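Enquirer: Each chain, written out:
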Amino acid sequence: MMLKGHVWKFGSDIDTDAIIPARYLNTSDPAELAKHCMEDADKDFAKKIKKGDIIVAGKNFGCGSSREHAPISIKACNISCVIAKSFARIFYRNAFNIGLPILESPEASDKIKEGDEIEVDTEKGIIKNLTKKEDYKVSPIPLFMQELINAGGLMEWTKNRIQKSK
Amino acid sequence: MTKRATTMKMTITEKILAAHCGKEAVTPGELLNCKVDIVLANDITAPIAIKEFKKAGAKKVFDKDRIALVPDHFAPNKDIQSAEQTKMLREFAKEHNLSLYFEVGRMGVEHALLPEQGIVGPGDVVIGADSHTCTYGGLGAFSTGVGSTDVAAAMITGEIWFKVPESMKFIYRGKLNKWVSGKDLILYTIGDIGVDGALYRAMELTGETIENMGMAGRLTMCNMAIEAGAKNGIIPPDKITEEYIKGRAKRPYKFYQSDKDAKYVDVREYDCNKIEPVVACPHLPENTKFVSELNHVTIDQVFIGSCTNGRIEDLREAASVIKGKKVAPYVRMIVIPATQEVYRQAMKEGLFDIFLDANASISTPTCGPCLGGHMGVLAKGERAVATSNRNFVGRMGHPESEVYLSNPAIAAASAVLGRIGSPEELK
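Going down the list, the sequences are from chains Z and F. Counting in this note's numbering, the first sequence runs from -3 upward without gaps. Counting in this note's numbering, the second sequence runs from 1187 upward without gaps.
Don't read these hints as lab results, they were simulated from the structure. If you're wondering where the values come from, they're calculated on a predicted model, not measured in any experiment. The reader is advised that the hints may include incorrect statements.
To be verified - Straight line, CA to CA, 30 Å or less: simulated DSBU-like cross-link-like pairs of lysine-lysine:
(1) F:K1349 / F:K1440
(2) F:K1512 / Z:K155
(3) Z:K5 / Z:K43
(4) Z:K155 / F:K1475
To be verified - Quick list of the computed label-pair ranges, beta carbon to beta carbon:
(5) Z:M(-2) / F:F1248: 36 to 44 Å
(6) F:R1359 / Z:L139: 36 to 44 Å
(7) Z:E152 / F:G1400: 44 to 52 Å
(8) Z:D25 / F:N1219: 45 to 53 Å
(9) Z:K46 / F:V1290: 26 to 34 Å
Heads up, the beta-carbon is just placed ideally off N, CA and C, and yes, glycines get one too.
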């Protein structure tokens, strides 16, 4: 998958309450959740982003709650991909399970600045900074996670498995 | 091959995972499909799981007695939308005849309820669409938080994929100082290693201090393993575990112990004689200080409850501090027993009289204010001391409010003082 967009930069330890505050969890409607994406980290985030934009953050992105509403709200407000130094483990699972592309790249996290235009090849694991004319290394996506992506998410992968065992 | 496998040294976490995927041995990094003993979800996470379950065209759950649905976060329903969410759980439970659905009146904060009711036990593999599912490690179980889609798949298959985590060993030595509890040890540990200090790893909590700690403190410690990024927290089961589980366990259980030469990526030792009551300052659980460094911080609210510290032992501790005293003027203290059983026990022991005499309020079980849901949401600029587990920006209400995390004794003393402080200051 090739993704291209402008970057919104965040720091480390962006928690799930910042990504989607609990006060909005009385619904699981993606469109409704999208309106409040990243609200407690950047109040106007959902209003100012454009389709395809990319979040670049520091370490431990998505720490805290198991709420799948967090990656759902990011995906539903049309962020194409999240790049971070590292991801909290439940957020990491959830992102793959629902099909939100995420990439670990300490180098990209350090060098990309807000507003840079970048291009991401999720399959080859290449991040190109079109503004700065730089390429960054990406930690390879584990084989099994690639399998989940290819299947179209965890539910499809599960269905395939049940089919096979019959 | 069998010989090699049986001589391989494993941690308790590795042994439980191996036993649940039919292998003699597993190693960190290995990917497994594990059988789960209990699958859990609540009123916030179950609706997405139920939608995914239906979207997949599933007709049957894998086992009607192994799926626990607990409407506890916004229940009793705080608004119409929350009512619609809990209704989804109720209807799904009815449709699939789930035996572990807990209606308001039977309900409690999930991670206090499941151990108390003997639904989870030593040696289990438990997954829950709630990050604090790691609590049950206190019983010697492997339990971990996952997302709603993971729960949807597990409700169909009774299985889940895991990468075997590396283990970190924590050894606690010495006697606990006065007013220091499991909460302080885990906050101290998170302060030491940071909110991602155990990322993707198992935290194995051991040592004489833990061996002498009651089950409430053990559950509190494992509850907060996630605040260090861990996959699970786990405590080797022993006589105290046996005592607790006896008469509660609804299913057979098994004690696993780490081999003496099992491999750990890190081993840390703490001398508990040096640990005073700990408070985590805004806005991360790793921002820890000793309570004595914070006695200038004035407060507006105190919350005693949650899956971390809403058990009877916690309420007793708070009551022992506040007995005969009053909550400071313009400060509100909210006490929320975590389950119906805790509620009844507290009432029987006269703890409610102590709280009421002190001008504290008492609520029916709910997660409520811990996540800024209801029953004690903070206004702009307000500051709370809470016995819960997270103090992120906006966690208990307005993004410009502040949460300090502490144990129940410090929380109760702070309510009386109107500022952060210790029970020693009340004398």
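Enquirer: All hints, please: hold or fail.
Expert: Against the structure, the hints come out as follows:
no.: 1; hint: F:K1349 / F:K1440; result: 22 Å, holds
no.: 2; hint: F:K1512 / Z:K155; result: 59 Å, violated
no.: 3; hint: Z:K5 / Z:K43; result: 16 Å, holds
no.: 4; hint: Z:K155 / F:K1475; result: 49 Å, violated
no.: 5; hint: Z:M(-2) / F:F1248: 36 to 44 Å; result: 39 Å, holds
no.: 6; hint: F:R1359 / Z:L139: 36 to 44 Å; result: 42 Å, holds
no.: 7; hint: Z:E152 / F:G1400: 44 to 52 Å; result: 46 Å, holds
no.: 8; hint: Z:D25 / F:N1219: 45 to 53 Å; result: 32 Å, violated
no.: 9; hint: Z:K46 / F:V1290: 26 to 34 Å; result: 44 Å, violated
Going through the hint list in order, the structure does not satisfy hints 2, 4, 8 and 9.
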